[in-house]
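Student: Below, each chain spelled out in residue letters.
2 protein chains.
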Amino acid sequence: MREKYNNILNSRLAQNKSYIEKELKKILSDIAAPKPLKEVMLYAVLNGGKRIRPFIISEVSSLYQVGPSIYKYPCMAIEMAHCFSLIYDDLPCMDDDDLRRGKPSVHVKFDEANALLGGASLLTYAYNILASKNFSIEDKKKIALINIFSNAIGHKGMLAGQFLDLEAEKLSKKPTIKKFNNIQEKKTGLLLAFCCYAGGFIGNASKKELEVLYEFGLMLGRIFQITDDILDKEGNQKLLGKKVNKDDEQNKATLIKIKGLDFTKNELSKFSEQAKNKLLLLKKDTKVLSYIIDYLCSRTS
Amino acid sequence: MREKYNNILNSRLAQNKSYIEKELKKILSDIAAPKPLKEVMLYAVLNGGKRIRPFIISEVSSLYQVGPSIYKYPCMAIEMAHCFSLIYDDLPCMDDDDLRRGKPSVHVKFDEANALLGGASLLTYAYNILASKNFSIEDKKKIALINIFSNAIGHKGMLAGQFLDLEAEKLSKKPTIKKFNNIQEKKTGLLLAFCCYAGGFIGNASKKELEVLYEFGLMLGRIFQITDDILDKEGNQKLLGKKVNKDDEQNKATLIKIKGLDFTKNELSKFSEQAKNKLLLLKKDTKVLSYIIDYLCSRTS
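Note that the protein sequences, when read in sequence, are chains C and W. For the first sequence, the working numbering begins at 6 and goes up steadily by one. For the second sequence, the working numbering begins at 6 and goes up steadily by one.
Read the hints as simulated data drawn from the structure, not as lab findings.
Put simply, identical chains are the same to the list, so a pair is met inside one copy or across any two.
Derived pair list, reagent style DMTMM-like, types lysine to aspartate or glutamate, alpha-carbon separation capped at 20 Å: (1) K175 with E117; (2) K275 with E190; (3) K257 with D116; (4) K179 with E254; (5) K175 with E44.
Working from the sequences, and respecting the hints, build out all of it.
Tutor: Encoded structure:
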């Protein structure tokens with residue numbers, strides 16, 4: 006049984022990854038950036054990656070009969086914003102990682118200034134993509150999507166999460182569970198919630214469905230973050246493509262540190278169950294979306 | 006005569022500065038960011054500044070009978086993007102400036118990571134402001150404005166300009182005039198062109214007028230950059246609020262270095278004349294806009 010869903014998921018994930026990477030490469034190759042800046046942007050975006058965020062958008066969009074000619078826009082925008090965040094996370098003043106997906110991080114391959122400017126260029130271009138004329142949804146919806154996207158990334162979202170995470174590192178005391186969850190939700194959850202929401206939103210999902218999708222996305226965020234922490238503890242450096250045991254080195258707050266490994270693994274099972282139950286509320290064929298939960302729980306990279 | 010236009014300009018500039026700073030303070034104080042992140046953002050934005058970009062938007066908007074309840078949105082967005090760029094420019098890996106407007110730069114006051122995250126949060130919030138429901142222009146126009154804004158900032162605009170500028174620093178050879186002008190236009194011109202264009206655009210200016218405004222903005226950019234270079238050479242460190250002679254220290258390409266100080270001052274007069282002639286094409290009362298040219302030429306900070 007497990008074999009079967011693995012096959013279905015892996016095949017769809019691979020198909021979507023190949024499609025989105027082709028689209029990303031095409032759109033980035035066409036930009037009117039100075040050549041070496043374009044090179045930084047292409048390196049940062051086409052440096053591997055599972056493309057899980059675009060995959061989620063595509064799967065949710067498909068539930069609402071939205072095709073790739075439309076969903077590719079939020080897919081590309083979110084992936085560029087994600088790559089921007091990876092560039093920044095890896096910088097010496099942040100997590101100081103020389104490797105990303107087994108290759109030199111952007112600031113190592115180029116330099117810090119180029120990494121910063123390339124990253125910010127990806128972020129601004131993500132907005133161009135959402136505001137693109139070719140993205141054929143109503144203008145009103147485009148504006149709404151830009152707002153939700155900005156909220157997921159900015160001072161209430163991912164950037165706030167990274168800010169709080171670095172702040173927590175400096176403290177000798179572990180954060181409370183409540184504080185910890187707040188950091189994780191901002192850092193990882195809101196972007197995944199955006200993916201789920203965006204897929205439904207461009208497919209004219211009902212308000213109730215959008216709420217369910219958003220909450221489901223937040224749950225995926227928790228699952229993603231917990232497996233990230235477990236991989237840092239128990240993962241294989243080669244498969245991961247980055248150093249393990251960084252969390253301890255950097256005094257990063259993780260659920261494992263606050264509550265122990267057994268508790269953490271239990272939480273993972275609990276959240277997976279909750280996320281699967283959440284999907285049932287949509288009353289649609291959410292098989293593939295539920296496979297994503299299993300995939301995230303069992304990932305090795 | 007000079008006294009009189011100085012008075013008119015200074016009074017309007019001061020009035021607009023006070024209005025925009027009040028609005029910026031209000032909108033930033035209300036954001037749901039973690040308190041210390043909000044502090045970084047407020048410090049970066051309310052750290053003085055002439056607010057020349059919002060002033061240009063307000064003056065052009067007024068030509069087309071657009072009031073502050075509308076023009077304040079692009080004004081705030083452009084000022085946040087500008088402050089984002091100043092944070093980045095000052096970083097050790099870029100221009101490495103410890104002082105900005107006579108006060109510690111953001112990365113000195115806080116730290117590099119906080120400066121980066123605060124800067125990026127200002128940039129993402131600028132998009133929220135342009136996509137705000139309260140910004141009462143047509144959705145179609147909002148989308149168009151977001152695109153032009155993104156182009157002015159991103160890989161074709163300001164970020165590209167900074168990228169090329171840093172690249173030129175590394176070379177022993179001075180860039181050609183053509184290359185130099187291209188860098189300056191991207192680095193400074195496109196943002197000022199956005200300001201002029203945006204004011205006309207929200208005021209339903211004709212296509213022809215928008216072209217004139219855009220070109221006028223590019224000319225202001227040249228004037229601005231030339232006076233910046235002259236101030237670095239001949240300016241007063243106290244009035245400037247930052248170190249002088251940085252261009253030489255950093256091997257920055259300036260028109261002065263390529264063509265000498267006399268030629269540069271001549272160019273300034275030539276561009277001022279051209280910019281004033283450009284304004285005449287609008288066939289409107291562009292007195293204050295032409296005062297801006299004189300103001301930029303004679304500024305001491």
